[in-house]
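Protein sequence lines, in the order shown, are assigned to chains A and B.
Residue numbering for the first sequence follows the working numbering, starting at 418 and increasing by one per position.
Residue numbering for the second sequence follows the working numbering, starting at 76 and increasing by one per position.
Any given hint could be a false lead.
Covered stretches of chain A, as calculated for chain B (at least 3 residues, CB under 8 Å) [claimed, not checked]: (1) 590-604; (2) 656-667; (3) 783-794; (4) 833-846; (5) 854-867.
None of these hints come from the bench; they were simulated from the model.
From the three backbone atoms N, C-alpha and C, an ideal C-beta is built for every residue, glycine too.
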Amino acid sequence: MRKNLNVIAAYSIMMGLIILVGIFQSWNIALSIFNLCLISAVMTMGANIQWGYAGLINFGIMGFTALGGLAAVLISVNPVQEAWSVGGANILLSLFLIIGIVLAVRFVLKKYQKTKIRNYVIAAIIISGIIIIRLVSEPGIEAIEEVNPARTGFLGGLGLPIIFSWIVGAFFAGGLAFVIGKVALGLRADYLAIATLLISEIVIAIIKHEDWLTRGVKNVIGLKRPAPYEVNLQQTDWFINLVEKFNSGKLALISDITERQAALNQFVIEGSSIFVKLCYSGLFLVVVIILLILTQKALYSPWGRMMRAIRDNEEAANAMGKNVVKQHLLIFVLGSAIVGIAGAMLVTQDGLFTPGSYRPLRYTFLIWVMVIVGGSGNNFGAILGGFVVWFLWIEAAPIGLYLVNLTTAGLDDTHFLKVHLIESVPYFRFLMMGIGLLLIMRYRPKGILPEKIEIK
Amino acid sequence: MDFINAIILILNYIFVPALAYGSQLALGAIFVTLIYGILRFANFATGDMMSFGTMFVILFTWYLQSYGISFGVLPTALLAIPFAIIFMVSYMLIIDKFVFKYYRTNKSPPVQLAMVSIGVMFVTQAVVRIVIGPSDRRFFDGEKFLIKAGEFKEMTGLNEGLAIKSTQVITIIVTLILVSTLFWFLNKTKTGKSMRAYSDNEDLALLSGIDPKKIVMITWVIAGILATIGGTLYGLDKSFKPFTYFNNMLPIFAAAIVGGIGNPFGAFLGGYVIAFSEILLTYAYKKFFMYILPESMEPDGLIQLLSTDYKFAVSFSILVIVLLYRPSGIFKGKVL
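Using the sequences provided together with the hints, build the complete structure.
Here it is in structure tokens:
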């Protein structure tokens with residue numbers, strides 16, 4: 418108990434802050450911050466597994482998040498029958514061709530010695546394959562994109578409940594991580610960082626511009642929900658009764674019946690959106706807790722010890738007979754899969770998929786700030802980092818506004834400096850993140866909750 | 076005649092723009108490579124440092140313009156560059172003193188320095204956005220075209236016009252002057268040689284009496300100059316927007332690594348490799364083939380290898396391929 422005092426203290430302060438937001442701003446805002454904190458926590462856990470456990474640097478978090486989001490679309494949207502009938506065959510054929518190319522390249526790689534000729538053959542297979550695929554898929558893609566472009570214009574998905582996408586998203590992200598890992602894990606740390614950053618940009622470019630698959634920048638809106646809709650809730654009897662019971666004290670103060678009815682309606686509308694957010698919080702919390710238990714178990718298992726050994730001294734671990742390359746690949750896939758889950762959760766919560774919104778600053782660098790600030794190698798630290806940083810990211814604007822007003826109190830309201838500063842309040846979040854990161858790196862390089870190895 | 080038309084077409088749409096874009100990338104790539112070679116970390120704040128320098132140039136340009144000072148046919152920004160460089164270099168030295176120095180003296184691993192540079196990136200980005208705002212700004216003035224497409228057509232009687240923007244010419248000339256001065260400095264002067272020695276083998280350089288403080292300072296000064304000028308040239312040619320500058324970091328990194336990181340000359344050429352391949356692979360060659368092929372063989376499609384949406388993806392794919400087959404870059408940088 419004593420040992421975990423700082424963890425408990427840190428988490429209670431964090432929850433206290435969110436509750437304060439609930440009291441002073443609104444419960445709606447507090448809950449949406451809390452939900453995104455939970456999603457960020459899942460992302461940081463994924464990054465923490467890679468960086469904290471194994472020392473692998475992955476700047477491609479944005480790409481895995483986007484793939485998770487893509488999974489949400491492909492699982493939950495109803496299939497567009499018409500699009501399938503006009504272009505489905507071409508797309509399926511292209512898919513087989515891609516598999517064919519991969520197999521052919523593998524065959525050549527396995528069968529023949531490493532020579533110049535082999536390289537040329539592989540290049541020839543890939544280039545001719547790409548040309549054939551373009552010829553095959555082009556008419557199909559055009560046909561698909563012409564099917565009712567304002568509303569669909571893509572193949573759609575499988576029409577399953579969106580919650581399945583959390584698992585599928587993990588597989589998508591894990592699959593991509595497997596390919597990247599095979600290719601890039603041999604690189605030195607900072608090269609790996611740059612390579613993953615650029616690969617994630619390629620992933621985003623594909624998601625943005627392959628309209629037949631993702632609708633691209635036209636966005637997919639109105640995804641299914643695992644939680645009830647507000648509008649339906651507002652008409653359900655048990656919910657209205659619940660809200661009435663909850664607010665009976667306030668309602669009793671109003672004597673006029675019509676006024677009371679109006680107040681009750683107001684409460685029901687507010688309550689419905691809070692209730693929906695609470696449903697999401699519950700779902701996300703379950704995911705976070707399951708992941709936390711699993712990662713904690715893994716950290717203190719023989720496998721976790723081996724990972725730390727590899728992280729701290731690769732050569733020694735290798736000499737002890739541990740397969741460093743294989744373990745690195747495994748942990749890269751696992752961490753990325755967790756990020757994929759978070760990506761699917763994010764799209765589930767928003768109910769829409771907007772490929773244009775994936776930017777490295779928000780989805781890669783911010784997550785890294787979370788990991789570093791929270792404490793790499795410590796799962797509780799990583800989750801806390803997700804909470805603290807996301808909270809500051811959202812609340813930076815109000816805090817910045819307060820600071821600006823405080824420092825320029827002597828100036829006239831129309832003074833150009835004051836107007837300018839108030840206009841640029843949204844950018845104070847970058848300043849806060851940067852200074853926070855620099856201070857933590859300098860004075861507490863292991864994060865708020867540092868890694869702690871207990872030998873049990 | 077058709078053949079000449081085809082050549083002019085290629086010059087107009089591929090060669091000149093790629094040369095200008097490549098020069099802008101090359102300056103950024105040399106900046107990255109110098110920091111990597113001498114201070115030994117991947118600087119993720121590259122794009123934002125460039126936008127920081129450009130911001131000063133824009134502010135000084137406005138200041139000069141408010142006094143009615145201009146540079147004739149050339150953009151006023153060229154006059155503002157020296158003042159901006161002073162501010163930029165002092166900013167970099169301050170950042171180095173308060174942020175990077177601590178990790179350097181502690182001999183932290185490069186990854187940690189890269190993380191620190193992310194912190195610097197956030198701060199710089201915030202300062203730029205707070206001071207000048209996130210919107211798109213054009214600060215070009217003076218003569219816009221050196222050769223206009225219409226005039227060229229009249230002059231030569233060809234079907235295809237060749238338009239050369241003055242910013243493109245300025246970019247190429249300034250880059251050439253700057254880069255040749257830099258290479259002269261690195262190869263011929265004593266300080267430059269000691270910089271290269273320090274980059275090559277730190278311990279040996281220290282043993283032979285090279286002052287590391289001086290080397291680091293000079294590196295930041297050169298980096299400041301490169302960042303400011305590179306950023307300004309890009310801004311003059313296209314426009315200034317902090318977000319674009321941040322994104323430009325990615326092709327710049329690609330150029331530096333393709334050229335062999337730590338090798339300034341490689342970085343210089345890497346910029347052009349990236350620029351040319353981006354434009355060559357995403358250009359629609361339909362018109363070109365219409366000129367050189369007989370009428371019966373005219374193509375129906377656009378003859379575009381990749382859609383322009385994948386412009387960035389091209390340079391990143393090149394980078395990945397280079398990393399796989401020649402991790403030290405095409406022109407042999409540090410072996411990593």
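To test your reading of the hints: which numbers does this structure violate? The structure breaks only hint 2.
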